[in-house]
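Please work from the sequences and hints to get the whole structure.
Chains A, B and C, in that order, are what the protein sequence lines are. With this note's numbering, letter number 30 in the first sequence gets 788, and the count goes up by one each step, no holes. With this note's numbering, letter number 267 in the second sequence gets 554, and the count goes up by one each step, no holes. With this note's numbering, letter number 365 in the third sequence gets 561, and the count goes up by one each step, no holes.
Where hints are given, some of them may not hold.
Quick list of in silico lysine to any residue cross-link-like pairs, SDA-like style, CA-CA up to 25 Å [what the hints assert, rightly or not]: (1) C:Lys-494 to A:Lys-774; (2) C:Lys-637 to B:Asp-354; (3) C:Lys-353 to C:Asp-588; (4) C:Lys-390 to C:Thr-535; (5) A:Lys-980 to C:Thr-535; (6) A:Lys-862 to A:Phe-944; (7) B:Lys-393 to B:Gln-495; (8) B:Lys-393 to B:Ala-485; (9) C:Lys-337 to B:Leu-475; (10) C:Lys-553 to C:Glu-348; (11) A:Lys-980 to C:His-270; (12) A:Lys-862 to B:Val-315; (13) C:Lys-494 to C:Glu-563; (14) A:Lys-774 to B:Ser-492; (15) C:Lys-337 to C:Asp-324; (16) B:Lys-292 to B:Leu-312; (17) C:Lys-337 to C:Gly-498; (18) A:Lys-980 to C:Asp-588; (19) A:Lys-774 to B:Leu-475; (20) A:Lys-865 to A:Glu-931; (21) C:Lys-550 to A:Lys-774; (22) A:Lys-980 to C:Val-559; (23) A:Lys-865 to B:Tyr-344; (24) C:Lys-471 to C:Lys-550; (25) B:Lys-353 to C:Leu-642; (26) C:Lys-471 to B:Glu-426.
Which chain C residues face chain A? A few, computed with CB under 8 Å, are given here [unchecked claim]: (27) Glu-304; (28) Thr-309; (29) Leu-315; (30) Ala-318; (31) Asp-324; (32) Asp-448.
Hints listed in this document are in silico derivations from the structure and should not be mistaken for laboratory results. Given the structure is predicted, the values throughout are model-derived calculations rather than measurements. Note that the Cβ used here is the ideal one computed from N, Cα and C, for glycine as well.
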Amino acid sequence: MANAKNNLKARHNWIKNIVAVVTSVFFFAPFYIILSLSFKVRGDRSSHWIFPSSPHIQSYVVALTKGNIGTAIINTLIVTVFSVVLIILFGSIASYPLARHRSKLNKFILSAFVGVMMVPPLSVLVPIYRLMVSLGGINTFWGIIILSTTYGLPMSVFMFSNFICTIPKELDEAALLDGCSQFAIFPRIILPNMMPVVSSVVILTGVSIWNDYSFQLYILQKPKLRTITLAMSSFFSEGMTNLPAAAAAAVMAVLPVVVLYLFLQKYFIKGTVDSAVK
Amino acid sequence: MVEAKLKRFSRFLYADPRALTLLTLPAVVLFSVFVVFPIISGLNISFTNWNGYSQSYSYVGIQNYKDLLFNDSVWTAFRNTLVYGLGSTAVQTVLGLGLAMLLVDKFFLRGVTRTIVYIPAMVAQLVIGYIWYFIVTYERGALNDIINLFGVSPIDWMSKGNRAVLIIMLINSIAYCGKTMIIFIAGLESVPNMYHEAASIDGASGWQAFRHITIPLLLPAFTTSLVLNIIGGLKMFGLVIAMTDGGPGYATHSLSSLINTMYFANQRAGFSSAIGIFSFIFIMLVSILLRRYLEYKDQQYNG
Amino acid sequence: MALSKSDIVYIEKVLSEAKKTLYRSSVVNHKILAKEIEMKKTIVLAAILSLFMVFSVFATGQKEAEASSLDGLHGTLSVATNCEDPTFSAVNEIANRFMEENPGVEVEYVSYTKDYENLMKAKMAANDLPDVFATHGWGVKRYSEYLMPLNELSFAKRFTESILNVIKTPAGNIVTMPVTAELSGIIYNKDILKKAGWDHVPRTWDEFLQSCEDVKALGVVPIYIAGKDTRSQANLMDVAAPTFLTTYKNDDQSQALYDGTFDWDKWSRVAGFLKTLSDRGFLNVDANTADPIYRGEKLAYGETMYVFQNQAQIASAWDINPDANLSMMPVPVYHEEDTPIMIGGERESYGIWKDTKNKELAVAFLEFMSRPENIKYVCEATSMPTGFSDVDVDLRLSSDFKQYENLRTFPYFDREWLPSGMWATMRSTGGALTAGEITVKQACDLMAESYHSLLSQQQ
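If you want it as structure tokens, here you go:
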């Protein structure tokens, strides 16, 4: 009896493995193409499917020197890390009252936040630019950090408030009875339990800031302040004829994000369970 | 007098739950300054004929809104945005669910496959767009190479407007279905085993169990994915620009990329802001409807 | 009373349970303590890290240029452009030379390539412009509101007559200084033309169409349009339009175009021409989706005959294959009795922001750039001719250009005869025409609508 069930499972797993391989190949294909392009010599017109027999790293050198990718990565890191920290900080404390006390004011604030999540920032680009100029925020790190934080807040408030709803209210009440002040409930009780969703928010907002183009283009104009999306896009402009260098720049733009994900994988899935599904 | 007021205030801070709303202050301040104010400014611009860069402009009343109603490219962009948003939802639901079911239970290649499927979801739209451009392009495109093997002569995939919109929608779905997959995996994992056991004891077949237990319990996951995808469709910009720059003609623009093009390339800042306000109102309607629907479903299951 | 055995067993049990509980609770306490210490460590680490980063945030981007001696210039000059290599490297070299000669000066030279125009529009709206910036052909028509007149500067008298026409506002102010100038027509491949049986370049559009037919018979793509970027289609119309509408003195629509009375049905000549090229199969199959990144190699490997771009495109084709026999031909004409023309005007050209805080520096920089040896350097590095009458530039195509010395030069159509902003309409109609999405009549109507609304903006 048990044997038959095991056999079935084994066969199932076999099929699953094959399907998994096919799926992986399909999803990896675009990256394979861009990788193989990046190792080709400029002017190599062979098919995109053929990996160069002797990989050349010239294009990476070109991307690093011309595109200044090194500085760009550091700049992007600074902007992303700071913005994410602020997003977590402001978003979490804001979502506590919004999730716990459904007063009219709180409900209004919450739906305003969620509604704004859908507004494409591009449509308000120029008013924001003028505002930033008058505040003196152009070509400063704090300017872009404040902007990225503001536009990352809705997502974090959304996920945090969903998650806090699943923490039993009794915990709060017990703490109050124990003499905790109501402002202290959050850091003492709620925060330690929020790690999974925090890492979810870190990944989601961090990645979108890392990949942001418009805001960073308009706020960080000086070459030494440039971020990685800008450095990379300079290879895709009109007079460009250097495909491999463009491909190399694209690869380098993607790499750090992949590394981050591999680190935070475990927490990410758990965080999504608790905030998106409950 | 002052002492009494201070005392009342500290009582308020300590005991009244409404005081907690103060915690939302930093977020709300940032929000009002950098979101609300620019939107109002955009509203103001939509009533002018500003070209976007001069220091002077004049007011033209609701002319821009009238133009909007009769402008072909705006309606094409609107339709495209719906296709990108809803179409992506549909395709991603099927794909995401299928992948989730494949990858929920442990087996040898599960971890690797999950990672490979998810990674494209973290790549910037612009990069994905360029990568896929080199796949679907006519000139030595990767896709054309494949159909060549079957003896079919190369096709210019993106040359027809409707076909191009479909292709962009598919690419958006494929590239970002990793997100949906994760959401569904989370959903599937949260279905307690005892439900399945109870169903099999009652004699339900696999398919019946799926229909009546799994699918209803996946509803929250589905709605999250719906919301995220509609937002994605409305914000679709990088992918369109990288693959077709909105063309051929204006055929593949989304509302977001059209606003950008109208503002900068066409120098019609007033008109572009009007489109922006129009899509903003549309977004508000959609989110209100979604909220109502979610609350209704919530009551259905928990009431 | 002595304890019975069972009592003792019982007491032992209780004691051991108590011991276990004590042990467990101490373990738990230990764990809690350990966690607290962990957390405290992380907090301290985070605090140190954030202090460090805060420092870096405020420390970056604030490099002051050293003020060396009291005489001599010092300060930081911001210069922005949209050009790419080789132009960018060439001008960058000039900037370096300037910094060498003036050690107290730092020149921040940056190019925003395809984002330049959008960025500049946002900056103009906020009145926040670089000290010196490139005007890329739009000095008079778009940027003049923000440019400082240059008439008093030393180089103002050294321009050629034809260039002066394009860089002067109606009020007579020179608003920009061209470093390289435009002198283009249509890029063509000499070898292929010969092979197709032609001993001279086409003189009229009828001859041009015939040559396309002959080239097509050879199996070569007559005209390559990188239409994913609709500037390609727009450029074709921009180059051809003068010959259809303004170069022939008996059919010159210039006045009508300036004062708003132009009959836009006449635009069907230009739009219709583009459509004809598309309908007769003279364009590449993927004309609507090809990326400009392919233009260079198509020219370099002789896979196309004509390309409607300027000389920079030839230079990048030579980068790939220096032996490609490419040259520039004059623009053919519509009227039989007319003579072919060249397209001229400013190419890489710099103006000064009228509200700049670094006026002295900016002026010094432009005057430095205008020195003959510097102009010669940039032009030769980019294979572009110059707008200065006293500079002799030696280009690979100079001998070819000698033949065209006496031809008239006209500006690009949209820079001279159309209000700023029509370029976008030319792009969208051009793209829609080659994609077969609109008719010629519709294209004319769209152009007319745009024209009138943009003209009214200027009032």
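Check your understanding: Does the structure break any of the earlier hints, and which numbers would those be?
Key -> When the structure is compared with the hints, numbers 1, 5, 9, 13, 17, 18, 21, 23, 24 and 32 turn out to be violated.
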